[in-house]
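Participant: Single-letter residue listing:
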Amino acid sequence: EAEVAQSPRYKITEKSQAVAFWCDPISGHATLYWYRQILGQGPELLVQFQDESVVDDSQLPKDRFSAERLKGVDSTLKIQPAELGDSAMYLCASSPLGTTYNEQFFGPGTRLTVL
Amino acid sequence: AQSVTQLGSHVSVSEGALVLLRCNYSSSVPPYLFWYVQYPNQGLQLLLKYTSAATLVKGINGFEAEFKKSETSFHLTKPSAHMSDAAEYFCAVSYGGSQGNLIFGKGTKLSVKP
Chain A
1 EAEVAQSPRY KITEKSQAVA FWCDPISGHA TLYWYRQILG QGPELLVQFQ
51 DESVVDDSQL PKDRFSAERL KGVDSTLKIQ PAELGDSAMY LCASSPLGTT
101 YNEQFFGPGT RLTVL
Chain B
1 AQSVTQLGSH VSVSEGALVL LRCNYSSSVP PYLFWYVQYP NQGLQLLLKY
51 TSAATLVKGI NGFEAEFKKS ETSFHLTKPS AHMSDAAEYF CAVSYGGSQG
101 NLIFGKGTKL SVKP
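In the order they appear, the protein sequences are chains A and B. What the first sequence shows, in the working numbering, is residues 1 to 115, in sequence order. What the second sequence shows, in the working numbering, is residues 1 to 114, in sequence order.
Worth flagging that the hints you see were computed from the coordinates, not collected in a lab. Quick reminder that beta carbons are idealized off the backbone N, C-alpha and C, glycines included. Do not take every clue at face value.
[Stated by the list, open to error] Listed below are the simulated EDC-like cross-link pairs for lysine to aspartate or glutamate, each with C-alpha atoms no more than 20 Å apart in a straight line:
#, chain 1, residue 1, chain 2, residue 2
1, B, Lys106, A, Glu44
2, B, Lys109, A, Glu52
3, B, Lys49, A, Glu3
4, B, Lys106, A, Asp86
5, B, Lys49, A, Asp86
[What the hints assert, rightly or not] A short, non-exhaustive set of chain A residues, derived as facing chain B with CB atoms under 7 Å:
#, residue
6, Gln41
7, Pro43
8, Gly109
9, Leu112
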């Protein structure tokens with residue numbers, strides 16, 4: 001069964017350092033999402049891509065966060081510099097184009113701890 | 001703004017007892033509705049979805065949910081809890097289309113006592 005892949009699964013870093021997370025969506029899925037999930041909360045959308053284009057990055061803290069999906073397949077989310085408040089689970093999801101109800105398939109996530 | 005409310009951040013049941021997790025949405029337009037489950041340090045797995053077909057939706061692992069437009073609710077139930085059901089459950093809504101986002105509730109942590 002096809003799955004969304006993410007790496008690393010866990011990342012510990014010190015504040016002011018740069019970190020990067022990678023996501024490979026299910027093959028053929030045009031839409032890719034990055035979510036941030038703070039402990040005890042539901043996921044919140046950071047950025048949405050359709051193919052290589054950003055559809056929604058209104059909640060992405062652009063002073064320190066960046067995201068790209070250069071070839072419209074896999075994607076990288078970067079934080080530079082990391083802050084203590086960035087400690088969270090970062091989830092990637094994908095969905096195929098053309099689904100009316102926008103069902104999304106999630107990867108296992110990257111747990112970030114900023115010390 | 002559209003929102004999802006999950007009543008009860010923590011629900012505890014005994015093994016074999018009924019599981020009821022509550023979800024209400026705020027919208028005059030019926031959305032598409034989803035329940036996801038999340039085990040510790042893992043991603044979200046889809047349990048079931050309502051996409052405007054049958055109002056009673058059956059999902060995986062014996063869970064089901066009923067869409068009630070008059071109550072703007074989509075509560076999740078399971079007749080008999082298993083220890084393996086202990087996890088966090090998230091209700092989410094979407095308003096569809098290729099640019100539609102999922103809006104999540106804050107989650108309900110389910111504990112199952114032996």
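Participant: Each hint should be assessed against the structure and marked as holding or not.
Facilitator: Evaluated hints:
1. B/Lys106 to A/Glu44: Measuring from Cα to Cα gives roughly 10 Å; hence the hint holds.
2. B/Lys109 to A/Glu52: Violated, at about 36 Å.
3. B/Lys49 to A/Glu3: This hinted pair holds, its Cα atoms lying about 19 Å apart.
4. B/Lys106 to A/Asp86: 18 Å, holds
5. B/Lys49 to A/Asp86: 31 Å, violated
6. Gln41: 6 Å, holds
7. Pro43: 5 Å, holds
8. Gly109: 5 Å, holds
9. Leu112: Status violated, d = 12 Å.
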